[in-house]
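Residue numbers (the numbering used here), protein chains in the order written: chain B, 1 to 483; chain A, 484 to 658.
Be a bit skeptical, because a hint or two may be false.
Unchecked claim - Below, simulated DSS-like cross-link-like pairs (lysine-lysine); rule was C-alpha separation at most 30 Å, straight line: (1) B:Lys235 x B:Lys457; (2) B:Lys9 x B:Lys247; (3) A:Lys488 x B:Lys315; (4) B:Lys315 x B:Lys9; (5) B:Lys457 x B:Lys315; (6) A:Lys571 x A:Lys613; (7) A:Lys505 x A:Lys657; (8) A:Lys528 x A:Lys488; (9) B:Lys244 x B:Lys315; (10) B:Lys315 x A:Lys505; (11) A:Lys506 x B:Lys315; (12) A:Lys571 x B:Lys366; (13) B:Lys203 x B:Lys247; (14) B:Lys247 x B:Lys457; (15) A:Lys528 x B:Lys326.
Calculated from the structure, these hints are not laboratory results.
Below, each chain spelled out in residue letters.
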Amino acid sequence: MYQFSGKLKMFSIALIILGALGIGLSFYNAPSTAEEAMALVSSNDHGDGHGTSHDTVKKDDHSTKEAHHKDEASKDDHKTETHSTVAVDAHDTGHDAAHAEHVLHQMQNRPWSAVYVSLLFFLGISLLVLAFYAAQRVAQAGWSIVLFRVMEAITANLVPTSIIMLVLVVLTAMHSNHLFAWMGEGVFDKTSENFDPIVYGKKMWLNVPGWVMRSIFYLLVWNAYRWFIRRNSIKEDTANDGYKTYKRNYNVSVGFLFLFMLTESMAVWDWIMGLDPHWFSTLFGWYVLATLLVSALTVIAFVTIYLRSKGYLPKVNDSHIHDLAKFMFGFSVFWTYLWFSQFMLIWYADIPEETTYFVMRFTEYKTLFLSMLVMNFVFPILLLINSDFKSRPWFVVIGGLVILAGHYVDLFIMIMPGTVGASWSFGIPEISATFLFLGIFIYTVFSAFAKADPVPKGNPFLHESEHFHYFNIEHHSEEDNQH
Amino acid sequence: MSSSKVIHAFYNDDEVVLEAVKKVKAANHHIEEVFCPFPVHGLDKAMGLAPTRIAIASFMFGITGLGVAIWLTYYTMIADWPQDIGGKPSFSWAENMPAFVPIMFELTVFFAAHLMVITFYMRSRIWPFKKAENPDPRTTDDHFLMEIEVHDNEEELTSLLNETGAVEINVVDKH
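Next up, chain A with everything else stripped away, as it sits in the complex:
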């Protein structure tokens, strides 16, 4: 398909845009993207996006962090340079485990949180110095923008979007 024409419909309320997405989906049009100044609850479901798997990734990262913490405390405190912990020089990791719980907890959280954010950026294709993808700066302030591909149905789409309460409708060439 060589058509690179898209229609940009602007809304100024999150409830309205949510209803509009449902109507457009019901009329069997493919929504390319919706740009919002803040997350709209239920929008992903209305657009028919697959549920996020970041929770699973986060769980894995947490387990990894826990593993690193266990290795770190074992290697540094028991194996490489045995240390007398709280007057309990047993040099056994298991017996000194309570002292390591804070480290295990912190590294679990550290790994889960940081790697989850990095994963999210990578999946969203956001990185430093990247040129912004949003087509209109107003979507970072108080407007919502729905982007729909046009397949020689410009008029039909325009009238449908007008019905849904769009405040502005533009047809633009996308490169």
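Same shape as in the complex, but just chain B:
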């Protein structure tokens, strides 16, 4: 049995405290009045290059305004594309005040968004590990049985992240933040100057009660399955009932996978695509699924490599690592395929309400946007294409770190443009939020791993998994790892 070492526990608690302090600090530092926000912006103008990019957005607002005059028909397209439209609309009455208000909201959003990005990243990874695990059960895969307890342990992180998500959903619905533009005041009110006909047309889906109920429903479904399968997987070890428990787990996993595909897509519409309420993409659910799946597989590989290096997974051999790395490689390509499919269709069709999404990301987030493609596609391809490299933990860790960073950035530029717009930065809020959730992750995952036998003894495919040997590679570390 594995024992959660005191050192690691201290480390995770330190991360949690550090993260919580940092997040508290960034909430405290967020401006509370429009004057403070403008003062921050003007002080930034002298500092980094960020203020300059902010100016471009101002200019964009003006040019949008001009186009707006010329072409009344396209009025709706330009209105309220992001928060920035508030500024555009209020131009006549006083651009500066409205603009300051808008910048204030963006700056107040920043600590929220920082927490939100990390939260969705860790929640999504735990969820996708759960889905991958369910897929292994449904496929009756033979190779992965010795990794089952690692995957189960990672899914334990679904519980705290779901609770935090629930709190965040409730706070958002109570208008504690301005993350979702469509929840703003007067967006659905035809007499209001903030009235947004496009969002109004989507009111069947985009309404606060529905949003909250759906969010709770997703979290409930995922956590119910996790609770059930974890309990029954441990039961399998000692069940000895002619695989009745095993078959029930199979059936429930089939049901979960079906529900998962629906809820994952819908959750992503609600939680991420809703941040840009005018824009939509029909393959967004798949695209985020790919992002989170490749991250989830990387995390499985990391936890496995760590626990194996400590000698707690004696049954895991190089072929298991090789297979995880193959998945990392394959799903990196899959992610690129979906990312490009989404990008190319929008780029080619060149319809204004669709292209705004990429225009924003390509003007304000250019470095991140381009480096993400290198980190998520070019680097994994070159590093992991070689069969021998995939079974060396060292290479898998290097590749995995870049993949995880790349997909964090991917999520970052999915969320930030809709919440903080051009006022983004990477600093204390973002790092603290990552620390906080990493600390929670380490704490929950390793304490969950300590609670069950690392080998799922009751699984009928255990023998096959123990003897898994991909014919094309040598097992290097077998001699080194023997005790």
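Once you've looked at the hints, dock chain A against the given chain B.
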């Protein structure tokens, strides 16, 4: 060496033939060839064959395909007969690159796959209308055949092969 006598040992299980190959190799005999109805994982390693270089060839073919695609899209769409792509008449290859990615991808795969198969056939000396080399039609159905050259050690080999679980052993003259 003028000896053209070979011994043919038949097996009816892939696990058995794999073990047999290891034993024969351990006894320092040279295995000419093993004929199988399907690929046996690990057999090449057991026989001591050099690792395949077809992956490297395939990578080169892929790069070639990518190059051809870049040239093709540049020449046809930009240089020879400039075309307005998706309302973006910039006539620059780099700016219109996203439109060419599917072509680049497809030609990379096309070149890598087809040339790899052709390379494999050539290296294996297989071509249309070639007379089959396998010594016994049963090797295309449910038998495995190990071919070993005989150097006046017929009896020693026969007894060794019997030990390894051969179901039939023939000594034949090879032409």
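Given hint Lys315 of chain B paired with Lys244 of chain B - CA-CA distance at most 30 Å:
25 Å, holds
Check whether the Cα positions of Lys571 of chain A and Lys366 of chain B lie no farther apart than 30 Å.
21 Å, holds
Tell me if the straight-line CA distance from Lys247 of chain B to Lys457 of chain B falls inside 30 Å.
15 Å, holds
Is the hinted pair Lys506 of chain A and Lys315 of chain B satisfied, with a Cα-Cα distance of at most 30 Å?
Status holds; Cα separation ~28 Å.
Hint consistency between Lys488 of chain A and Lys315 of chain B [alpha-carbon to alpha-carbon, up to 30 Å]
48 Å, violated
For the pair supplied as a hint, Lys571 of chain A and Lys613 of chain A, is the alpha-carbon distance within the 30 Å limit?
At roughly 53 Å apart (the allowed maximum being 30 Å), Lys613 of chain A and Lys571 of chain A break the hint.
So if I understand the rule, the pair passes when the alpha-carbon distance is 30 Å or less; does Lys203 of chain B with Lys247 of chain B pass?
At roughly 43 Å apart (the allowed maximum being 30 Å), Lys247 of chain B and Lys203 of chain B break the hint.
Please verify whether Lys9 of chain B and Lys247 of chain B have alpha carbons no more than 30 Å apart.
36 Å, violated
Is the Cα-Cα distance between Lys315 of chain B and Lys505 of chain A 30 Å or less?
26 Å, holds
Tell me if the straight-line CA distance from Lys528 of chain A to Lys488 of chain A falls inside 30 Å.
Holds, at roughly 26 Å.
If you draw a straight line from the CA of Lys315 of chain B to the CA of Lys9 of chain B, is it 30 Å or shorter?
Holds: Lys315 of chain B and Lys9 of chain B sit about 25 Å apart, inside 30 Å.
Please work out if Lys528 of chain A and Lys326 of chain B have their alpha carbons no farther apart than 30 Å.
Given that 30 Å is the threshold and the Cα spacing comes to 22 Å, the pair holds.
Checked against the numbered hints listed earlier, the structure breaks hints 2, 3, 6 and 13; every other hint is satisfied.
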